[in-house]
Amino acid sequence: MILSRRYLAGSLLLLFFVLASLPDACAIPAFARKYGLRCSACHEAWPMLNYFGQKFKDNGYQLMNDRDSPVWQNPSYWPVTMRITPFWHREGTDKIAVDTPGGGTVNQSLNISGFDYSGLDILSAGTIEKNVSFLLVPSSDETGAFHMESVNARVDNLLHSSWLNIKLGKFELDNVVSEKRILTLSPNGGGFNIYHFIPVGDGNIFGQIGDNQVGLEWLGHSVNDRTRVSAALLSSTDGNPDLSYGSNSYSGFFAASQAFDAGKLGVQRLGFYAMIGEAPTTYRTAGGVPIVSSGIGNKSFNREGFVGLFYLGKLDFQVVTQHGSDSSWFGACYGDIIDGATGCTNNNVPGTVLPATARAPSWNGAFVETHYVVNPQVIFIQRSEWVRMSQQGSTLNPGNLGNIDNYVFGFRWMPVMNNRAGFAWHNEFSWFRVQGFAPDGTALTSNSLMSGFDFDF
Amino acid sequence: MRRETLQGTMWLCAVAVLAFCASSSAQVTSNQEHEWLKSPAATSHIGNITGHAQAGAGDYRRYCVVCHGEIGDGNGESAQWYDPTNNPAIGFRPRDFTLAVFKCRSTPTGTLPIDEDLFNTIARGMNRSAMPPWNTFTKQERADLVAWIKHFSPRWQTEKPGAPIQIPAEPEVTADRVKAGQDVFGRVQCWKCHGVEGRGNGPSASTLQDDLGHTIAPYNFTEAAPPKCGGTDQDIYRIFMTGLDGTPMPSFSDNIKPDEAWDLVFYLRTLQPPNAYNAKEKQIAKQLGLKPVNPNGSGQ
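Taken in order, these protein sequences are the chains called F and Z. Residues in the first sequence are numbered from 1 upward in steps of one, following the working numbering. Residues in the second sequence are numbered from 458 upward in steps of one, following the working numbering.
There is no bait here: all hints are sound.
Dumping the calculated EDC-like pairs for lysine to aspartate or glutamate here, alpha-carbon to alpha-carbon at most 16 Å:
| hint | chain 1 | residue 1 | chain 2 | residue 2 |
| --- | --- | --- | --- | --- |
| 1 | Z | K596 | Z | D516 |
| 2 | Z | K714 | Z | E627 |
| 3 | Z | K636 | Z | D716 |
| 4 | Z | K617 | Z | E573 |
| 5 | F | K264 | Z | D516 |
| 6 | Z | K636 | Z | E654 |
| 7 | F | K314 | Z | D516 |
| 8 | Z | K748 | Z | D640 |
| 9 | Z | K596 | F | D261 |
| 10 | F | K130 | Z | E680 |
Quick partial rundown of chain F residues pointing at chain Z, CB under 7 Å, derived from the structure:
| hint | residue |
| --- | --- |
| 11 | L37 |
| 12 | K55 |
| 13 | L63 |
| 14 | N224 |
| 15 | K264 |
| 16 | V267 |
| 17 | P376 |
| 18 | N418 |
Since the hints were made in silico from the structure, they are not lab data. Note that the coordinates shown come from a computational prediction; the quantities given were computed from them, not determined experimentally. Idealized CB from N, CA, C, for every residue including glycine.
Generate the whole structure from the sequences, applying the supplied hints.
The following block contains the structure:
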């Protein structure tokens, strides 16, 4: 099945909006205020965690001295942080179908620029008591419409063991390279494509590793956090509340990593992750309209990959790979008829037979993100990312349909980094190409240039 | 044309940032520091690891400077909040490295610690203070940090560290030893600061100040947190035999014989809540019906 070019262009714009409205990551000066540490203690450059910050997070937002409980804090201490980014940006797209005076359409480039601002994150996090902590993040998009980005409570070090930590609620998946810690912000470069990738014509509503998910997580780690392992049971709702899709659909996310001492180079880390789950394809209807929460007919999907964090003095590399595969039912556009985010409207009602052209879509992706940390207050960033389809969901689709190339460059200068707040001047350029998305069926290329003030307090 | 202008602007910004970074770095190191950092003394030695001061400067700036300050004088931007006057809960100011006076040492009082003492302190952290366990560093990184910390004080150029005290093998815990330890507790008047029940509320507790005149609280043995300089039996032995330099806690090496020191360790264990080290001592104390020392006499 080949979708219309207009739809593809629309999908791309949707992708931009999704990425543009991605909630900013967690960088929480409330912790800095509590412990008297600068952002740089926990963040290589905020919001990206360094090893010490990862350990702090894994310990339930505790330094593991004996003053982690809030009863030791001044009563006026208020664990709330706000983050927002006003910026100027320029967005360019090389092929947009434009109506002509004589009728018909012609492909033209479209470039826009202007001043803008991001959504607002209100981050509240901390300890309720020793080894009991919480994270609450009401987050708005840039129009001010709020949703709950994170809401979870956790208990740590059960039975005095660092291997027994439980988290319940909506949370960031325990991936070594988390999109919630991303350093890039532009509409074109502000997300990891492989964490959100859905093939063209695929109706899977889940499989979104970049999004916070709702579920229960067990995390175990060695005392010094060299060894980490976690498993999460998630509702297949893509982080949405009210079980609006299937009533009995679950997924699992598994991650493990091991860090190694490399002398002067610092600590290197290798790991893997996997998301394996099911999501519904069959919905009961009323008057032809799908009934919310009625989804059954679960079909499977999986994502798995390797992660590496490599440090070479002031240079470091994040390397992430991924193989993904969806059931041929998803590939044939079944699954997503509740909110229609993927544009698929097929319902797998009894008697439905897959078209002969349907196959299980699969793909491979990878990115390498490099940082040059001049000092804790200046960081240069590049990311190169590629996604390649290995099998389309339909034999009618071109083999390279949906392939992605994305290159991002930027730097952040954080002139203010103290134990109370952070202020960064963020600059970024991102170039993005997706195959087969232009109105004429060729590659659609777009780019973002942005410069803004990213601050939290 | 417009794209070229934008690119030019971006390059100018990048050059400006680099220039700022270069000037910032230039301010960090004075000529005096520069000379010292070139000397062989600007190293640390822990086992077969050699730490280099300049290699530790980056980590110091990232992790330590907020408390210990740019020049290592313990006056970083967070130090004000750790003054006991402002925050009794975390009542210990950051260490002033320019004085090279350290609490946690294996060496006699008044002497410089060995590099390994500082190396261990970084990884262990300091309980009842804002200093967390920094055990995420590699050993090399910690050794580099030790070398950098040493560069703040000229003492490291003119003095050698003391020789670590010898700790005899730990004897078996017995009821007699626990009782003897209580006698030592009374005889050397530990209770004056730490209180007869070890609660840190002795008659002198409220008057204590460190060498810099800051109020300081004695250790409360009944808290779950281990002492600052470590919680093993050997650590406790070392603490009162070397003293905590810079604080009112003296060295008792002239007053307590090594065998008596072990007795005192066993008695102090009875004052602590149950932990990984004191099951037998607690059991003995219960069997003996041990009561707090009598300030007017020694022992019970």
